[in-house]
Amino acid sequence: MTAPGNETPAAALTSASVRVAKGSPTAEEVAALAVLLTARLRLANEARENEARERDSSVPQVRALRHRRPAPFTPPGAWAS
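Heads up, the sequence shown is in this note's numbering, so the first residue is 13 and it goes up one at a time.
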């Protein structure tokens, strides 16, 4: 656990809580909430991308084989021809 002053911006955003108690929020309050949630999502996405980049750099990339569908119709006796 880090000291409150030494938190990264991501840790500060994830530790913040958002709660609407009562009433109808003003346009400024809704805008502030939108900015906060956007920042949280952006930081979470960046963290996921960094983890994936680190994981991909240490493991060679493996490509999945394409799924090959069977022919729509196989006539009887096709195995013999």
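Because the hints were derived from the structure by calculation, they are not lab data. Since the model is a prediction, treat every value here as computed from it, not as a measurement. Quick reminder that beta carbons are idealized off the backbone N, C-alpha and C, glycines included. A couple of the hints might just be wrong.
25 Å max Cα-Cα, derived SDA-like pairs, lysine to any residue [unchecked claim]:
#, residue 1, residue 2
1, Lys-34, Leu-49
2, Lys-34, Ala-46
3, Lys-34, Leu-48
4, Lys-34, Asn-57
5, Lys-34, Leu-45
6, Lys-34, Arg-52
Restraint ranges, calculated between C-beta atoms of paired labels, are given here [claimed, not checked]:
#, residue 1, residue 2, range
7, Leu-53, Trp-91, 26 to 32 Å
8, Glu-58, Ser-36, 50 to 56 Å
9, Leu-45, Ala-83, 30 to 36 Å
Checklist entry - Quick one, are Lys-34 and Leu-45 close enough, alpha carbons at most 25 Å? => result The hint holds at about 15 Å.
Item to check | Satisfaction of hint between Leu-48 and Lys-34, Cα-Cα up to 25 Å | outcome: holds, 19 Å
Checklist entry - In this structure, is the beta-carbon distance linking Leu-53 and Trp-91 contained in 26 to 32 Å? => result violated, 55 Å
Checklist entry - Under the criterion that the straight-line Cα-Cα distance not exceed 25 Å, is the pair Lys-34, Asn-57 satisfied? => result Judged against 25 Å, a Cα distance of about 31 Å means the pair is violated.
Checklist entry - Within 25 Å, alpha carbon to alpha carbon, are Lys-34 and Ala-46? => result holds, 18 Å
Next on the checklist: Does Leu-49 sit within 25 Å of Lys-34, going by the straight-line distance between their CA atoms?
Outcome noted: Holds, at roughly 20 Å.
Checklist entry - So the hint says 50 to 56 Å: do the beta-carbon atoms of Glu-58 and Ser-36 match that? => result At roughly 33 Å between Cβ atoms, Ser-36 and Glu-58 fall outside 50 to 56 Å, so the hint is violated.
Item to check | Cβ separation of Leu-45 and Ala-83, checked against the hinted range 30 to 36 Å | outcome: 55 Å Cβ-Cβ, so the 30 to 36 Å window is violated.
Next on the checklist: For a C-alpha distance cap of 25 Å, please report whether Lys-34 and Arg-52 respect it.
Outcome noted: Judged against 25 Å, a Cα distance of about 23 Å means the pair holds.
Checked against the numbered hints above, the structure violates hints 4, 7, 8 and 9; every other hint is satisfied.
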